[in-house]
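Colleague: Each chain is listed here by its residues.
Number of protein chains: 2
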Amino acid sequence: MACSSVRYGAGCTQEVGMDCKNLGAKKVCLMTDGNLVNLPPVKTAMESLERANVPYKIYDKVRVEPTDESFKHAIDFAKAENFDVFVAVGGGSVIDTCKAANLYSTDPEADLLDYVNAPIGKGLPVRHELKPLIAVTTTAGTGSETTGVAVFDYLPTQSKTGIAQRALRPTLGIVDPLHLQYMPERVTAYSGIDVLCHALESYTALPYNERSPAPTDPILRPAYQGSNPMSDIWCQHALRVTSKYIKRAVFDSDDLEARSAMHNASSYAGIGFGNSGCHLCHGMSYPIAGLVRDYKPEGYKGSGPIVPHGLSVCVTSPAVFRWTGSSCPERHIHSAEMLGADVTNVKKADAGRVLSDTLLKILDELKVPNGLEDVGYSSQDIPAMVKGALPQKRLLNLSPKPVEADHLSEIYENSMKIY
Amino acid sequence: MACSSVRYGAGCTQEVGMDCKNLGAKKVCLMTDGNLVNLPPVKTAMESLERANVPYKIYDKVRVEPTDESFKHAIDFAKAENFDVFVAVGGGSVIDTCKAANLYSTDPEADLLDYVNAPIGKGLPVRHELKPLIAVTTTAGTGSETTGVAVFDYLPTQSKTGIAQRALRPTLGIVDPLHLQYMPERVTAYSGIDVLCHALESYTALPYNERSPAPTDPILRPAYQGSNPMSDIWCQHALRVTSKYIKRAVFDSDDLEARSAMHNASSYAGIGFGNSGCHLCHGMSYPIAGLVRDYKPEGYKGSGPIVPHGLSVCVTSPAVFRWTGSSCPERHIHSAEMLGADVTNVKKADAGRVLSDTLLKILDELKVPNGLEDVGYSSQDIPAMVKGALPQKRLLNLSPKPVEADHLSEIYENSMKIY
Chain A
92 MACSSVRYGA GCTQEVGMDC KNLGAKKVCL MTDGNLVNLP PVKTAMESLE
142 RANVPYKIYD KVRVEPTDES FKHAIDFAKA ENFDVFVAVG GGSVIDTCKA
192 ANLYSTDPEA DLLDYVNAPI GKGLPVRHEL KPLIAVTTTA GTGSETTGVA
242 VFDYLPTQSK TGIAQRALRP TLGIVDPLHL QYMPERVTAY SGIDVLCHAL
292 ESYTALPYNE RSPAPTDPIL RPAYQGSNPM SDIWCQHALR VTSKYIKRAV
342 FDSDDLEARS AMHNASSYAG IGFGNSGCHL CHGMSYPIAG LVRDYKPEGY
392 KGSGPIVPHG LSVCVTSPAV FRWTGSSCPE RHIHSAEMLG ADVTNVKKAD
442 AGRVLSDTLL KILDELKVPN GLEDVGYSSQ DIPAMVKGAL PQKRLLNLSP
492 KPVEADHLSE IYENSMKIY
Chain B
92 MACSSVRYGA GCTQEVGMDC KNLGAKKVCL MTDGNLVNLP PVKTAMESLE
142 RANVPYKIYD KVRVEPTDES FKHAIDFAKA ENFDVFVAVG GGSVIDTCKA
192 ANLYSTDPEA DLLDYVNAPI GKGLPVRHEL KPLIAVTTTA GTGSETTGVA
242 VFDYLPTQSK TGIAQRALRP TLGIVDPLHL QYMPERVTAY SGIDVLCHAL
292 ESYTALPYNE RSPAPTDPIL RPAYQGSNPM SDIWCQHALR VTSKYIKRAV
342 FDSDDLEARS AMHNASSYAG IGFGNSGCHL CHGMSYPIAG LVRDYKPEGY
392 KGSGPIVPHG LSVCVTSPAV FRWTGSSCPE RHIHSAEMLG ADVTNVKKAD
442 AGRVLSDTLL KILDELKVPN GLEDVGYSSQ DIPAMVKGAL PQKRLLNLSP
492 KPVEADHLSE IYENSMKIY
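Quick note, the sequences are listed as chains A and B, same order.
Quick note, the first sequence lines up with residues 92 to 510 if you use our numbering.
Quick note, the second sequence lines up with residues 92 to 510 if you use our numbering.
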């Protein structure tokens, strides 16, 4: 299996054991979290590995919203064994942690920061061979099963950062809608909105051919290259599917059609943003998640105070797109249209407002809290948030409009109350 | 570079040397044909390899419309050296030949027929590691830079067949629109129609979840899996782009916008049909090409009598889709609409006719010959054609309607004169 691909269909997780066998696996690292380890998706993977007589070891200590420490814990586990194939069963946190375990256990001398995005890390390009990684996604949000990105909280600077390297892309992503019925309502809502923002940010990101300076060596190209014709196809499709199914998927866990449509949409958007990249909503989301005080959303078991990723991303989206609207009005208007707005006679000058209003309507229908205040922040927190967002160069640089600290403050301010 | 990806943009061929260096290349096999070897695309690749100080050897004996013999010649060339990276610069014939050279030189004991599609070959799954292959496409048609397919004429049975294995998919496809200005009008027309048929056949192919029996082991899944949600995205997009740009691209070699749009469309369609698959037009095209007598189209230098692939494919398309229309009328009507037809008030019963008429209009505008008679065939040739088409099980099985010899005869008969 020399190239990365995606398999989807109800029950296709049952083949994961054969896939490992076909990859010549002698010892598989099966990664998941403490909650999923007792649920059918992991059981299905284990039974499949046993049917195929492929030896495996389970690591179920993955942290929801991983940190450098939880990454290191998983990396040490992988280093101690001699795994030849990695299988991640879970959401973005599990898959991202497994990517890190694969990356660093195959390059034992490397320091964690070597491959982490600059400026926090060195952002060195990966030049060694990783082991095959099969990513069985149990959420419909991150699209991590299709991307070369692994996100984590870097505790020393209290900032969210990540590793973005094509080499991290899973060998095989498995999208099995049967897993989605285990997603609580809020998890479905916030991961679904994450999909929506992946697609919107990628579709409105700085175009790939306006990024400069061009790298002298293709290996130095960022994994996030800016909006481009291929990514556009995926993002537009993901927007249409999301707009059609997200509400049904959130409020009816038995609506397999809607949930599997969202599952596919998250892969579509993942393939899109995985090579074009997100910008402000994601760049600004990291401090919102990182500085959390005591917000505890329902449905997020086994985690302390947390602002779920999708919530931390979407809460600024109305203000973000109102601000970016003037940079590429056609794409903002077209996005609003794909999200169900009537855009006949909309003037370019109103592009940002129209998309912003369309988003607000969707967020409201999905019962998203009313802005940063509802998740425990006040204007006093804005300087710290700006400080946390500024290092997210990889994302901020893809903003269709050059962005400075003042713009970030203004967007955070406008996101305190959104309705 | 563990996964296959596509790079596009004017001039991006200049990076191929660095790409090889980044792959650790010590000795590159640069494959092309006797015509291209003197043209800028190959020169650009050579200069790039030299700038990067990567040693390479050129093989320029690729045959347009390759045969088992021309494949073997290229394979022997590769076996004699110790290449660690393959670079193909050319159209489908060059890229397909390079895929075969890579596949068999990395498994020297294998017999050519081991990996060739059944029933002509054994269709064994590839289980060994191939060398990285970079495919620089100089035509906008086959999409071979994105697929795991290599097509050739098997001389002993005078039939077109191929190797369809995911492992053949190039590590990197390079889509550089600067190369397209070297495509003569007819080459642009026939390769452009090939794109159109790739997309149409894949979009109307038997759905992936109706293919049966399901293989017991995922490695036994055919590379062509039937129409599916991911492929649909690419095919629909390719149809819209093709319908918008093909005429401009064909009749104005200086229209870089149109030609690069078609270049991207061929990759889009390639990614689509590469995992869903074509059906009747392609399955029936092989004897049309294989039994050629004295047809010599303009613009095809250095080849004897030949029915260009795209022509052999599209000439039956009006009859094919008129016949398949009843199997999935919605998709036939939607295809006609994407190709510019007004489908308001079209009844499902007319789906096949409407798509067929839409195709005829396009073929006529592109000055495609008036059916099989114009390329030198008569009704007497039909039995031989049916005999040549029947072994194309991999393709015929994807027909949305079960197809027998009589149906093939009827379609060939209806394709003698198309206007």
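It is worth saying that the hints were derived from the structure and are not from the lab.
Just so you know, not all the hints are guaranteed correct.
You can't tell identical chains apart in this list, so a pair holds if it fits in one copy or across any two.
[As the list claims (entries may be wrong)] Here are the simulated lysine to any residue pairs, SDA-like style, with alpha carbons at most 25 Å apart:
| # | residue 1 | residue 2 |
| --- | --- | --- |
| 1 | Lys213 | Val437 |
| 2 | Lys492 | Gly100 |
| 3 | Lys118 | Arg331 |
| 4 | Lys148 | Asp308 |
| 5 | Lys118 | Asp308 |
Colleague: Using 25 Å as the alpha-carbon threshold, which applies to Lys118 and Arg331: within, between, both, or neither?
Modeller: Cα proximity of Lys118 and Arg331: none, with 41 Å in one copy and 47 Å across.
Colleague: Tell me, please, which holds for Lys148 and Asp308 at an alpha-carbon limit of 25 Å: within, between, both or neither?
Modeller: between (39 Å within a copy, 23 Å between copies)
Colleague: Since the copies are identical, ignore which copy is meant and state whether Lys492 and Gly100 lie within 25 Å (CA to CA) inside a copy, between copies, both or neither.
Modeller: Answer is between; shortest inter-copy Cα gap is 23 Å, intra-copy 40 Å.
Colleague: Could you figure out if Lys213 and Val437 sit no more than 25 Å apart (CA to CA) within one copy, between two copies, both or neither?
Modeller: neither (45 Å within a copy, 60 Å between copies)
Colleague: Within, between, both or neither: how does the pair Lys118, Asp308 come out at a Cα-Cα threshold of 25 Å?
Modeller: between (36 Å within a copy, 19 Å between copies)
Comparing the model with each numbered hint stated earlier shows that hints 1, 3 do not hold.
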